[in-house]
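Mind assembling these two chains? They're in different frames, but the hints should get you there.
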Amino acid sequence: MSQQRPAEAGDIQALLASGFASLPEAAFLLLRIVEPQRARAWLARAPVTTMADLGRHQPTVLQLALSANGLRRLGLDAAALAAFAPEFVAGMAGDKARSRRLGDIGANAPTHWRWGAAGEPDILLLLYAESGKLATWQGELTEALQQSGLDVASVLATSDMGDKEPFGFTDGMSQPRIDWADTRVPGTPDDLDYGNLVATGEFLLGYPNEYGLYTDRPLLPGAGALPRATDQPGLADLGRNGTYLVLRELHQDVRGFWRFVADRAGPGGAEALAEAMVGRRLSGDPLVPPQDAPIRGIGPDPTDIARNRFTYAGDADGLHCPFGAHVRRANPRTGDLPGGRRGWLGRILGALGLPPADLRSDLVASTRFHRILRRGREFGAWVEPERAMRPDCPDPQSGLQFICLGASISRQFEFVQNAWLASAKFDGLSDESDPLTGNRMPLGAGAPTDRFSLPQANGATRRLHQLPAFVTVRGGGYFFLPGLRALRFLAG
Amino acid sequence: MTPQSTFMVAAAVRPDREQDLRALLEAMNLEPGQVDPANPMLPFARYDRLHVARFVILRDDTLGDLAAYDTALPDAPVWLVFLGDCDGAGDDMLAQFARTAEPGLRQIFAHCEAPPGDDMLAWMRRHAVSPAAQYVNWYGRTVCQIREEAALRGFLRDSLAEIGPLAVQPATSLRRHLAEAARRGGPPLSPPAATPPGWRLQRLLWLARTLLIGVLLSPLLLLSPLLLWLLRARERADPVIAPPPTPAHVATLSRLEDHDVSNPFSAFGSVKPGRFRLWTLLLVFRTLEFGTRFIYTRGRLARVGTIHFARWVFLDNRRRLLFASNYDGSLDSYMDDFINKAAFGLNLVFSNGVGWPRTRFLLFGGAEREQEFKHYLRRHQVPTQVWYKAYPGLTAAELATNTRIREGLERARMSESEARQWLALI
Numbered sequence: 071m072s073q074q075r076p077a078e079a080g081d082i083q084a085l086l087a088s089g090f091a092s093l094p095e096a097a098f099l100l101l102r103i104v105e106p107q108r109a110r111a112w113l114a115r116a117p118v119t120t121m122a123d124l125g126r127h128q129p130t131v132l133q134l135a136l137s138a139n140g141l142r143r144l145g146l147d148a149a150a151l152a153a154f155a156p157e158f159v160a161g162m163a164g165d166k167a168r169s170r171r172l173g174d175i176g177a178n179a180p181t182h183w184r185w186g187a188a189g190e191p192d193i194l195l196l197l198y199a200e201s202g203k204l205a206t207w208q209g210e211l212t213e214a215l216q217q218s219g220l221d222v223a224s225v226l227a228t229s230d231m232g233d234k235e236p237f238g239f240t241d242g243m244s245q246p247r248i249d250w251a252d253t254r255v256p257g258t259p260d261d262l263d264y265g266n267l268v269a270t271g272e273f274l275l276g277y278p279n280e281y282g283l284y285t286d287r288p289l290l291p292g293a294g295a296l297p298r299a300t301d302q303p304g305l306a307d308l309g310r311n312g313t314y315l316v317l318r319e320l321h322q323d324v325r326g327f328w329r330f331v332a333d334r335a336g337p338g339g340a341e342a343l344a345e346a347m348v349g350r351r352l353s354g355d356p357l358v359p360p361q362d363a364p365i366r367g368i369g370p371d372p373t374d375i376a377r378n379r380f381t382y383a384g385d386a387d388g389l390h391c392p393f394g395a396h397v398r399r400a401n402p403r404t405g406d407l408p409g410g411r412r413g414w415l416g417r418i419l420g421a422l423g424l425p426p427a428d429l430r431s432d433l434v435a436s437t438r439f440h441r442i443l444r445r446g447r448e449f450g451a452w453v454e455p456e457r458a459m460r461p462d463c464p465d466p467q468s469g470l471q472f473i474c475l476g477a478s479i480s481r482q483f484e485f486v487q488n489a490w491l492a493s494a495k496f497d498g499l500s501d502e503s504d505p506l507t508g509n510r511m512p513l514g515a516g517a518p519t520d521r522f523s524l525p526q527a528n529g530a531t532r533r534l535h536q537l538p539a540f541v542t543v544r545g546g547g548y549f550f551l552p553g554l555r556a557l558r559f560l561a562g
Numbered sequence: 210m211t212p213q214s215t216f217m218v219a220a221a222v223r224p225d226r227e228q229d230l231r232a233l234l235e236a237m238n239l240e241p242g243q244v245d246p247a248n249p250m251l252p253f254a255r256y257d258r259l260h261v262a263r264f265v266i267l268r269d270d271t272l273g274d275l276a277a278y279d280t281a282l283p284d285a286p287v288w289l290v291f292l293g294d295c296d297g298a299g300d301d302m303l304a305q306f307a308r309t310a311e312p313g314l315r316q317i318f319a320h321c322e323a324p325p326g327d328d329m330l331a332w333m334r335r336h337a338v339s340p341a342a343q344y345v346n347w348y349g350r351t352v353c354q355i356r357e358e359a360a361l362r363g364f365l366r367d368s369l370a371e372i373g374p375l376a377v378q379p380a381t382s383l384r385r386h387l388a389e390a391a392r393r394g395g396p397p398l399s400p401p402a403a404t405p406p407g408w409r410l411q412r413l414l415w416l417a418r419t420l421l422i423g424v425l426l427s428p429l430l431l432l433s434p435l436l437l438w439l440l441r442a443r444e445r446a447d448p449v450i451a452p453p454p455t456p457a458h459v460a461t462l463s464r465l466e467d468h469d470v471s472n473p474f475s476a477f478g479s480v481k482p483g484r485f486r487l488w489t490l491l492l493v494f495r496t497l498e499f500g501t502r503f504i505y506t507r508g509r510l511a512r513v514g515t516i517h518f519a520r521w522v523f524l525d526n527r528r529r530l531l532f533a534s535n536y537d538g539s540l541d542s543y544m545d546d547f548i549n550k551a552a553f554g555l556n557l558v559f560s561n562g563v564g565w566p567r568t569r570f571l572l573f574g575g576a577e578r579e580q581e582f583k584h585y586l587r588r589h590q591v592p593t594q595v596w597y598k599a600y601p602g603l604t605a606a607e608l609a610t611n612t613r614i615r616e617g618l619e620r621a622r623m624s625e626s627e628a629r630q631w632l633a634l635i
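The listed protein sequences derive, respectively, from chains R and W.
Residue numbers 71 to 562, in my numbering, belong to the letters of the first sequence in order.
Residue numbers 210 to 635, in my numbering, belong to the letters of the second sequence in order.
Simulated from the structure, these hints should not be mistaken for lab results.
Just so we're clear, the structure is a prediction, and the values are computed from it rather than from any experiment.
From the three backbone atoms N, C-alpha and C, an ideal C-beta is built for every residue, glycine too.
Check each hint, because a few of them may be wrong.
As the list claims (entries may be wrong) - Restraint-style ranges between C-beta atoms, simulated for each label pair:
{"#": "1", "chain 1": "R", "residue 1": "Asp165", "chain 2": "W", "residue 2": "His386", "range": "46 to 54 Å"}
{"#": "2", "chain 1": "R", "residue 1": "Gly326", "chain 2": "W", "residue 2": "Asp367", "range": "24 to 32 Å"}
{"#": "3", "chain 1": "W", "residue 1": "Glu625", "chain 2": "R", "residue 2": "Gly369", "range": "36 to 44 Å"}
What the hints assert, rightly or not - Some chain W residues flagged as far from chain R (calculated, every beta-carbon gap over 10 Å):
{"#": "4", "residue": "Asp270"}
{"#": "5", "residue": "Pro379"}
{"#": "6", "residue": "Leu430"}
{"#": "7", "residue": "Arg441"}
{"#": "8", "residue": "Arg443"}
{"#": "9", "residue": "Ala460"}
{"#": "10", "residue": "Lys550"}
Said to hold, decoys possible - Derived coverage of chain W by chain R (criterion: at least 3 residues anywhere in the stretch with Cβ under 8 Å from a Cβ of chain R; other residues may be distant):
{"#": "11", "stretch": "212 to 223"}
{"#": "12", "stretch": "363 to 370"}
{"#": "13", "stretch": "468 to 480"}
{"#": "14", "stretch": "575 to 581"}
{"#": "15", "stretch": "622 to 631"}
Isolated chain W, as found in the complex (with noise of 0.2 Å):
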């Protein structure tokens, strides 16, 4: 199995060259939102372990938001933010890049503080950020295993056309036809790789210290209702700063959007100030990583099944966070699907950032109310200037079904009511 993981790399954008890092951004695509995967600055599509990447300049509108905490970060950057998700290590992964495209690389972070030396690697490692915590939809799904199942499915699909639907019966006897005709003239289906050494342990090691963290914390379990006080104190003094996004922010936003099945979404915000909020998040995130790492890793984040890959990074010493993911749909029906599904789960992390909609309990609230969860999740937007994705066209839930065929299509036997649910799905 090839576990999948992430890369970022930050860095502080000179705030005399952002004009010309936007314009230099855009050149690798098409049309804005849609990226040229064959660019010359960083050709995507030669990367066949890359699943999603981006480039966002994250300028962020809000950050007066903080003058409600009578504080404010006048240091804080534009940041500009090289980030996706690969198969193996993102360390490797930045080290492929900066082998093979350390001209297009040089020229995008030139307009940063402090730009490459000499060594690119080196100073992309220096720049790297780890997330908070962040999702894969799929853990060992690999690009080529995507691709290949693709592929799959619609030689199925083909072959089934030719064969007519209802010639063979019953349905064992149509799947052991697919199957033959698969092994004879259908496309390559890869073999898992072999699971890299150390990666479970690595797991079972991460496992044991949150245990442990759990086990030193328990105690403070006794002072629940304390924390309770403490946290609904500040769930009903915190301000709530969520006017609607001006029409242009929106307009400069939703021109990227809807170009392919999926979109990307990056969004940027101030964590609310001092330690309880962020002890607070560090608790959550915890607790998420314990989720996407053990519990959701085939196909949902809960009951949403929408989402590629998504993480949450802090920047600016734990001040800022941003959130970055990939996800099918427009951006109506996600918000939908957040309110509806998730609200939960999205209040327990940003009802610690300034200006979320007032909830109760961490749990309650919050997201649930619509329009001022909708204009600050919108507000707190920022357009994702480059974006990649290495199967356009497919959705999560394609890509499930997808894998659902070749498993079932290696299978040594099915009974005759299963062989009648896998034809379904092709």
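Extracted from the complex, chain R is given alone in its bound form (with noise of 0.2 Å):
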């Protein structure tokens, strides 16, 4: 839980400054609208606990999303909607394109999908419940549900695996931290090094953000129980205390992954393997060593010191942590300027691309503008590795609900899926995605994208062949997250 507290809290859904770690159950419904109507009326009273209820005890928690279908179904007006992003308009599965950039192709096509492939359902209802009160509530909340014009279309389950993920890694420790009482300004000297503490305008809309500015999003006339525009005040801001959810249901190949691993690096070294595909160790430490200089939005506390504060620039030759891990790709911990503060003179240099920069330096963009605020959940039974080696294991059917927040989809959640986890040529890599979620499929011009490569240190990189696709989209949607003003506005 976060120890600042925003001055509008209360308008902020609870989501954005906390997981829920204490409430292990969850569930995710996912709505259709029957009757705007009375479903309306629902939402207008539906109890959803804001960041404002956070130091108080919460047996069970409801968070609330909607897309633009259910904007749509509700009745907001065409200009209001048009003003959201266009990505989260148009919806995840929304076209080809999209789809060949999020690598939602082949196995992971939209046709393919459980769920969301002719377009979001148009209410996401967020449940999280203390142990053993999830069902009786659920029950009771379906019931209204339906008596308010709302159908339950699907329910995604969670399982609690604590702090693991299904293929056994310690997960979510590493998360950017939430400017809240706005400490820094961006864009200084400062950003020429890697950071940890983000603009509020990254995760919030109505905020300024990583470059100082306010995100697009609908300001109306009038509209009076909305919060103003602080950069209009003249206008209503429906998105202000808002942002963007990104949901994508992710089937992960637990067996499939230990098999591959073991098989290629024999039962002793599966996971020293496993660890480098991953970029950090089952216990969730680091692959690179920690650094003694601080990191701003790191520690005090001495887990997430020892867990977070490094980078990967004195790793330039991928020997601790290979280019293409997935947490080296997920968050690449890069400054605005590789090599970080050198002087005025050494700055306008740097923005010249003087002296010429190494091939391997400078590939990557600046991370500050490439967060996500990951809040998913897993499902399925938990395996420990060991046993999914076994011949004998039978399929956990498990993988992650996976949940993240932002305010530009396209900047964030689209950024890091296409350019830094799908691409097969992500920092001067050459024909390997993401060796967990990637699906490997060939290029256009056929070159292969399942390798992976593990640099050693006499020189010479060991490259694997033919990872299988160890994680298959299933399900997936965008959502806009309100503010609880802005909520109460479209159900009014």
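Below is the structure:
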């Protein structure tokens, strides 16, 4: 839970500040609006938990997001809808070009999805509860929804794997820290180095982002109960204190993963190979040694320092952590300029690309514009890695209901997914997509993407071939997680 | 060394033939955005000196923005542009096209005003347009070299896999091993061709001319407070026209994108009216051209390493400007690169275009205004009907790596640490 609290905490859904670790049970409900009139009445009273409630004991927590379809069904006018981000309006599976960019082709193509292929469901409800309290609550809620013109089209169940994800790795310990108190001005020389403290506007609409600007969102004339737009005080801000939520159902082939690493590295080397592919130890410790110099937005908690006070600047040849490792792709920990601070002349020359950079440096974009806040939950049965390797292990049917939040789907989730995870050319690599999540589909020209390279101390890179796909997308959608006043306005 | 050069033919499209022309160009594709490299009209793949090429219909939906300056270009045509980058002289490339693909080109250009007569080459030369500035990712690297070096890397990788990366120590021995294998059974590696006579002299003359211009213009420095004042007055007053592009426009564009690891980018717009902006542009292009000819010749344009070829071209008596590039990755990452790595460079050029996001002192603001900038770029982008790249699946970063691998292989000796670094490239 966050120590700082923004001024408008009561208007912000609690998910922005918490993954509700103390509520191990969760279910995500995909709703269809059958009768908009009654649905609006329910939405107007929906007991949504806000950041202001976070200090208090909460046996259950409800969070609520709407898709573009849902906003349309609720009667939001076309001009206001069109002022949301175009990718949100179009939807995750909205066009083939987007699917191509996200790697949702082949086995990942929306045609194979369990849900979301024909457009997002109208409403997404996120239910979190203490142990043993979910089932009853969910039952009551479902009944209430049905009586309110809302049809539960699907339930995405989750399971509690503690702090592990299905492959067995400790997950979720590296998150951007939101600068609620506006303690930093983005774009100063401080940002030439990597930092983990990120402008509020990257995760909430209606606040300045890492460019010091406001992300486009619907601004309406009048509209009484809504907050004012701070950049245009004459207008009401439908986006303020809201953000976008990306949901993807990712099936993980846990047996396939561990059998693959055991097969290629032998049982004795399986764990080390798996860790190289992930870029962290099973325990969550980084493969790169922590640095002495502090990093903004990391610490003072010693566990956070041990796990996150590092960048890859000191691992330029990828000997500690392979260039293509999952976490190195997902968060490359780059600053605005490789080499960091070097005086004003150095910065001017740096901006001019002088002296010319090495082959490999400066290939990856500055990380601060591409952060996501992850809030996913696992599903399926838990199996230990050793057991998953054995031929008699049954399929645990597990995976991740991946959720992330951000004020710009295209610059955050889509960029990370496209340019960093799915790209076979990330950071100068040539024929490998993300070792965990890649779809292994060859490029248009037939070039493979199913390799994984492990730089070795003696120079020659060890290269694994024919990685199978370990993760399959089975559903997904883009949603808007509104502020409370915006929610009541939409229900109005 | 074989220098790279550009060619470009621009002709006004007959208004009644534009739709037919679009259909005809589409017939050169297997799918929208995916050219058939062997298409009968212009079988690009047959030309082994050709790096990239495109046909674009420049229909400028933003022409009305000039109304903000109470002006208009009522006679501005819709242009058909055929452009590309090749090894050796661009004119030779055009001559080769005219010799070997005459019927197809005739069919295409028949849709233009004053279509070609008997002499196709003469017609293309009459319609040739030189860029105001151009960028080549790596001067001297030919298509042939790119293909050979890609094959070499593949061969070395296979050899390494056979030997086992740890079987031979130290790295210097492993490198000798690989060099030996490449000599015996590796792909051919052509030696660089002789630099064409006169090329270096031309470069020097260009440099001399540029220095002379610099000297002649230097008295203007005395006027710089006045010029800055004129600039700032314009920067404050110039209208910003950067509404979001329509979803239909974006869909038309993105349907053509991301079929390869690289994409073409074509954008078109009007230059701000008046001599001040035009002269600024001419000065900026000179400077840019100096940079691309003498400084940024080995893989990067300032900090940006994802552009294979780019050009800036005036059309309509320098009242409109075309920007055409070939870049790696998706458009979103291209735009982010622009903002975070090269905003000042974009501002220098494009702030002289109608509607650009507000700049300060020609360098600041502008492209840094993320959303306005992205809207502006998308809105001015025009679909590239046909686009060919001779080495699909390869990024500029890989081409640079492959060249380093070959250079390293051909070096007489290396220290142990150099050999390790070289091996890591493979």
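We went through each hint and held it up to the structure:
no., hint, verdict
1, Asp165/R - His386/W: 46 to 54 Å, "50 Å, holds"
2, Gly326/R - Asp367/W: 24 to 32 Å, "27 Å, holds"
3, Glu625/W - Gly369/R: 36 to 44 Å, "40 Å, holds"
4, Asp270, "18 Å, holds"
5, Pro379, "7 Å, violated"
6, Leu430, "20 Å, holds"
7, Arg441, "21 Å, holds"
8, Arg443, "23 Å, holds"
9, Ala460, "6 Å, violated"
10, Lys550, "8 Å, violated"
11, 212 to 223, "violated (count 0)"
12, 363 to 370, "holds (count 3)"
13, 468 to 480, "holds (count 3)"
14, 575 to 581, "holds (count 4)"
15, 622 to 631, "holds (count 4)"
The structure fails to meet hints 5, 9, 10, 11 from the earlier list, while all remaining hints are met.
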